[in-house]
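Visitor: With chain E fixed as given, assemble chain G onto it according to the hints.
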Amino acid sequence: MKNAVSGVGLAPDASMVTFPIPMFLPGSDLSSLKERKREFYDGLTRWKSEFTQTAGSAKMLAVEGATFEDALVKANNLLLTNLWGDGLPLWPATKERVDWILRGSTLPRTHVLGKFPPRGGITTIETCAIALAMAGGRPEYLPVLVAAVDACLAAEGFDQLQATSGGPFPAVIVNGSIAKQIRLNSGFGLLGPDPQRPAGASIGRALRLMQQNVGGALPGVGTMAIFGAMRYTNAVFAEDEEGLPPGWLPHATARHGFAPGTNSVSIVFASGVTNVRRRGAKKETPEEDALNGMWRMADFMRTPNLAALAGWEKGTPGIMMIPPIVARRMAELGWTQNSIREFLWKNSKIPMDQMRRAGAPAWIEIDANPVTRDSIKLDPWPICQKPDNIVLLVAGGGHPTHSYWLQAHSPTVEGRVIRVPETFERLLADADRDLGCGEDVCRV
Amino acid sequence: MVKLEFHDPSGVLEVTQPHAPRLTSLDGKRIGFVSNEQWQAYRMLPMLKEMLEQDFPGITVLPIDAYPQGNALIGTEETAALVKKSRVDAVIVGNAA
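So the protein sequences, as listed, match chains E and G.
First residue of the first sequence? That's 252 in the working numbering, and the numbers climb one at a time after it.
First residue of the second sequence? That's 12 in the working numbering, and the numbers climb one at a time after it.
Bound-form chain E, shown alone:
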């Protein structure tokens, strides 16, 4: 257990008395409280911080091996024994590799983005480059990672999002031409690995490494994420802007007001991912097929599991992704982004008797946000304050059978414009040279 408030400038240790979790459950045996009362008294009178200041720049580590492979193994072992790894092989962040990654920055390597909570590690452009180097990244990925880190650090309650038992993970939605340029996936399998579009894995893994190594979100110590889904790479993907039906707005424009075409990231903290079978199976008309699918999505969203509570007023209950072919068909039938969101919002409202049956009102009553607390008067209870809170994305493979719901625990949806260096075209050409020509993104 670590001090959860070190990020505000206190030492990372603190005077704490910790007990195993059973004591914190209803009806628990509290006898150990009496047996260990001396620890409370000592905490008030005798405790001293053992922390030693580590100000200055990041230190260098070194290993030696008989061969390069031997040294590489030792470097990976050292990273794991220091609790800085994720179990998959890492590229040690050598000076050469970090300097190479830093070619993707518009800012000096010492530029401070903030303190990464809850541990409070000072986060610079170099810190991002070190993580990206370890995660197998490339210079052209750095602008997206820096924007994502900046957005995370600014997100409301990010310290709690890092630590909470619900284990939300950043879902990084990228808009703008940079997505294709750096080989970020918006199509088939966009949430998983794709050798032709590898950027999302490295960027997301780098962000996760920073959450753990700089922010201290170590499982069971700095983060109480009970299950911790998507924690190798988070979710970093692009909206399929070419797949948007005529008149539909890119997510970054609809949500953040960025001009269409702007390179940007948008961060939603998701706590689950679920496939929703959308397509009909028999002789439905196009209208029935669309409407049945919409009902299946709304029915799935209409659950009193309270994940959405954190984002009830300003955030989001989740991201609904529909494939481009479905978006086109629905648009042809007259559906718009607004009417889809409106339908989902209206039909995912939960009758208050079902909320009461699930013990949900108590969680609404103790919510930190007075606007959310006030929502207890609503029956049926909407899962968010207004339809626009729902993030609707056009993304995924060109296939009509499924849509995808990323349930969120997201007090805000934070957007950032991505800044690229003047030499960005050169970096993209280097990528073509190194990785081969990726579909229509080849620049050589």
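Check the hints yourself; a few may be wrong.
To be verified - Among the chain E residues that face chain G by a calculated CB cut under 10 Å, a handful are:
id, residue
1, Ser257
2, Gly260
3, Ala262
4, Leu281
5, Leu312
6, Ala313
7, Ala384
8, Glu493
9, Phe509
10, Pro511
11, Asp618
12, Ala619
Honestly, the hints are just simulated from the structure, not real lab data.
Quick caveat, the model's predicted, so the values are computed rather than measured.
Note that beta-carbon positions come from the ideal geometry of N, C-alpha and C, so glycine has one too.
Guide: Leaving out everything else, chain G in the frame of chain E:
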């Protein structure tokens, strides 16, 4: 031998605010509780109050509801001001899990 040098990835820590100084003794002191009302705090903190009162002569332990309770309120400036105004020598914060 091949030597591999690489960056420590954990970032630099900077302490700008020391923890509060410890008390020399609890005898005759005034102690408060800041409670989030979670994780059985309503049972544990009164028990702790009782133990403190039994073990230290002249100690004053404020009731567990002397300050606003709950996650939404305990971190606010208003609560901090109330703690300061109550002139306690120390507070115990609970419960987290």
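Visitor: Now, for every hint given, state plainly whether the structure supports it.
Guide: Here is what the structure says about each hint:
Because the beta carbon of Ser257/E sits about 8 Å from the nearest beta carbon in chain G, less than 10 Å, this interface hint is met. The interface hint given for Gly260/E is met, as the beta carbon of that residue sits about 4 Å from the closest beta carbon of chain G, less than 10 Å. For Ala262/E, the suggested interface contact is upheld, since its CB lies about 5 Å from the closest CB of chain G, less than 10 Å. At a threshold of 10 Å, the smallest CB-CB gap from Leu281/E to chain G is about 6 Å, leaving the interface hint in force.
Of the supplied interface hints, the one on Leu312/E holds, with its beta-carbon coming within about 6 Å of a beta-carbon of chain G, less than 10 Å. A least Cβ separation of about 5 Å between Ala313/E and chain G falls short of the 10 Å threshold, and the interface hint therefore holds. Nearest Cβ of chain G to the Cβ of Ala384/E: about 8 Å, under the 10 Å cut. The hint holds. Hint status for Glu493/E: violated, given a least beta-carbon distance of 37 Å to chain G, over 10 Å.
Given the 10 Å rule on beta carbons, the hint for Phe509/E is violated: about 29 Å separates it from the nearest Cβ of chain G. Restraint check, Pro511/E versus chain G: the minimum CB separation of about 36 Å is more than 10 Å; hint violated. The interface hint given for Asp618/E is met, as the beta carbon of that residue sits about 7 Å from the closest beta carbon of chain G, less than 10 Å. Taking 10 Å as the C-beta contact cut-off toward chain G, the hint placing Ala619/E at the interface holds, the least distance being around 4 Å.
Hint compliance for this structure: hints 8, 9, 10 are broken, all remaining hints hold.
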